[in-house]
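All chains should be built: construct the whole structure from the sequences, respecting the hints.
Chains as they are written, first to last, in our numbering: chain B, 1 to 345; chain S, 1 to 282.
Just so you know, these hints were derived from the structure itself, not from any lab. For glycine and all other residues, C-beta sits at the position ideal for the given N, C-alpha and C.
Derived DSBU-like pairs (lysine-lysine); straight-line CA-CA distance at most 35 Å:
#	chain 1	residue 1	chain 2	residue 2
1	B	Lys131	S	Lys90
2	B	Lys131	B	Lys100
3	S	Lys197	B	Lys100
From the structure, some residues in chain B lie toward chain S, with a derived Cβ separation under 8 Å:
#	residue
4	Ala49
5	Ile76
6	Phe78
7	Phe80
8	His82
9	His88
10	Gly98
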Amino acid sequence: MEVRVSNVRKEFDGFAALKDVSLDIRSGELIALLGPSGSGKTTLLRLIAGLELPSQGKIFFGDMDASEKTVQERNIGFVFQHYALFRHMTILENISFGLKVRPRATRPPAGEIRRRAMELLDLVQLSGLEKRYPNQLSGGQRQRVALARALAIEPGVLLLDEPFGALDAQVRRELRRWLREMHDRTGHTTVFVTHDQEEALELSDRLCVMSQGAIEQVGTPDEVYDHPASPFVFGFIGESSELPVTVEKGELLLAGRPIGLAAPEARPGPARMYFRPHDVDLVEGDATLAGVVHTSRRVGGTRRVEVDLGPANHKVEIDLPFDHPAGERSQLTFRPRRWQLFPSA
Amino acid sequence: MAISRHSPISESLGVRIALIVTSVLFMALFLLLPLVAVFAEAFRSGLGPYLAGLSSPDAQAAIRLTLLVAAIAVPLNVIFGICASWAIAKFEFKGKAFLITLIDLPFSVSPVISGLVYVLLFGGGSMLGPWLKSYGIEVLFAVPGIVLATIFVTFPFVARELIPLMQDQGTGDEEAALSLGANGWQTFWRVTLPNIKWGLLYGVLLCNARAMGEFGAVAVVSGRIRGQTTTIPLQVEMLYNEYNATAAFALASLLAMLALVTLVLKTALEWRFGDEIAASGH
Ligand SMILES: Nc1ncnc2c1ncn2[C@@H]1O[C@H](COP(=O)(O)OP(=O)(O)OP(=O)(O)O)[C@@H](O)[C@H]1O
Ligand SMILES: [Mg+2]
Numbered sequence: 001m002e003v004r005v006s007n008v009r010k011e012f013d014g015f016a017a018l019k020d021v022s023l024d025i026r027s028g029e030l031i032a033l034l035g036p037s038g039s040g041k042t043t044l045l046r047l048i049a050g051l052e053l054p055s056q057g058k059i060f061f062g063d064m065d066a067s068e069k070t071v072q073e074r075n076i077g078f079v080f081q082h083y084a085l086f087r088h089m090t091i092l093e094n095i096s097f098g099l100k101v102r103p104r105a106t107r108p109p110a111g112e113i114r115r116r117a118m119e120l121l122d123l124v125q126l127s128g129l130e131k132r133y134p135n136q137l138s139g140g141q142r143q144r145v146a147l148a149r150a151l152a153i154e155p156g157v158l159l160l161d162e163p164f165g166a167l168d169a170q171v172r173r174e175l176r177r178w179l180r181e182m183h184d185r186t187g188h189t190t191v192f193v194t195h196d197q198e199e200a201l202e203l204s205d206r207l208c209v210m211s212q213g214a215i216e217q218v219g220t221p222d223e224v225y226d227h228p229a230s231p232f233v234f235g236f237i238g239e240s241s242e243l244p245v246t247v248e249k250g251e252l253l254l255a256g257r258p259i260g261l262a263a264p265e266a267r268p269g270p271a272r273m274y275f276r277p278h279d280v281d282l283v284e285g286d287a288t289l290a291g292v293v294h295t296s297r298r299v300g301g302t303r304r305v306e307v308d309l310g311p312a313n314h315k316v317e318i319d320l321p322f323d324h325p326a327g328e329r330s331q332l333t334f335r336p337r338r339w340q341l342f343p344s345a
Numbered sequence: 001m002a003i004s005r006h007s008p009i010s011e012s013l014g015v016r017i018a019l020i021v022t023s024v025l026f027m028a029l030f031l032l033l034p035l036v037a038v039f040a041e042a043f044r045s046g047l048g049p050y051l052a053g054l055s056s057p058d059a060q061a062a063i064r065l066t067l068l069v070a071a072i073a074v075p076l077n078v079i080f081g082i083c084a085s086w087a088i089a090k091f092e093f094k095g096k097a098f099l100i101t102l103i104d105l106p107f108s109v110s111p112v113i114s115g116l117v118y119v120l121l122f123g124g125g126s127m128l129g130p131w132l133k134s135y136g137i138e139v140l141f142a143v144p145g146i147v148l149a150t151i152f153v154t155f156p157f158v159a160r161e162l163i164p165l166m167q168d169q170g171t172g173d174e175e176a177a178l179s180l181g182a183n184g185w186q187t188f189w190r191v192t193l194p195n196i197k198w199g200l201l202y203g204v205l206l207c208n209a210r211a212m213g214e215f216g217a218v219a220v221v222s223g224r225i226r227g228q229t230t231t232i233p234l235q236v237e238m239l240y241n242e243y244n245a246t247a248a249f250a251l252a253s254l255l256a257m258l259a260l261v262t263l264v265l266k267t268a269l270e271w272r273f274g275d276e277i278a279a280s281g282h
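This is the structure:
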């Protein structure tokens, strides 16, 4: 099912949690809502679900205007951050709940409900645990029950709010892979909220980066990572270093000195250059970025050094091979391999 | 022995023994002794007079009336308590703080005053009393007044128990149920109610004990018409004033037993479902 969020604004007591947000979600895609805390991800998800109503704007499910429809009418599957499993029901009862509460006319017979619930239990790899209660499961298992429960009603759209937020790194990775496989198998249109960029990059078909109640960029993980649309996105997705440069005659200057990078299209004047710490080449020569290593520490397979690019003391981080001999106070000259300019703030 | 070693943060042995002995003695003197005395007095002349005291027509009427009052007041307070705590815990609205304060009013005001309020509302000099009387409805010095006064004084028990519990549970489960297609009614019966059932039972228990035992407010509105508007506590007092100690204590022993049963059930609930019963200070 396609979902179209059209110019939606949401206010809580005069505070705009979402400002004029528009987003097209394609049928069958797995899209991530990514952004810092308080950027409005949950609010957007709850608006799509119908757990909140927009102050302005509309939400379409396919061609149907769903803005005025209730949660029940929207036929969505919602997985809550803290699972919200019914603690007094067994796992099987939890999963069957959505089918059992249907009006008689559309409710499948009891045997059929049980069969479907068992099937879902199998899908989420929890067969044999149907008689347990939620507090007898681990966090990862509860999360999968919550997902099975949401899938039981055959939702048109699956909405997940930080589905792995409360789990440890190991389980997160496992469940992430598992969710991706599951999505490929069932093909539900899925929207999931996360503030973990690695999760969003790895898992999603497209991601939607949000900041302060607005959408900054929507695109595939590669597009967003390689061509961030704003300094915010550059800084938020992946690691980044920033330098205040000047554009003069199609060349970039730092503190009046050319650094060997050409920008023929750029508007002359001050600008901000962003690059990723691992996207640098160590080069010899005059027209380079030259500096003194300020700190150097090994992070796993690489060495992260902080370079002091005097004379104005601009500090940037770059990555070197972990066995690079650069120690503190040693000189380095380098050039970003890939970089991007943004207008000065 | 566990207390043989002096722990740096606890009192010395002498002080501890003194504290323990004092509190045990105090409880024995002021709580246990009276309870024993009630039963001793009730059975002083043997089982025959005890049963006779319980089976006199007036005593029977008092027992029936007490049960009737509780049977009306407790369910109403359950419904009202659930509504109020639902509203307070799950919605935001103006005047919420005021409503919470209002719920505690019966706890903070003397029961006699609660009774007098109804006398003012429904008495001969009020607007309402004579008007209702013209339709043949007696409130004051009749069963309706007793029920109203009892509802008033026992109102906070259920609500006070449920408000913290429901606030603590939040709205997550209800939202999950709605998102799964349940309507409001199904959500209440299948999700909300099971989540609060032990806390609710606890509140009902306390509410019932008070409803059956209330004296002050009921005394004011009842008029003490023997066999018609006397509840057990009122009947006990009347019998006692007439120097009919055996009958008085026989009836009183019923209330004492109610207290014991309540206490046992309450403890059992606390022990078994402590985390589901809000710590609301009872
Ligand atoms: N019910 C509410 N009442 C008032 N303000 C709210 C409400 N819900 C959200 N907000 C505000 O709206 C903004 C966005 O909240 P939201 O929960 O959508 O953020 P989020 O992106 O999900 O953050 P997080 O990553 O911390 O979950 C926040 O500033 C929050 O304080
Ligand atoms: Mg959130």
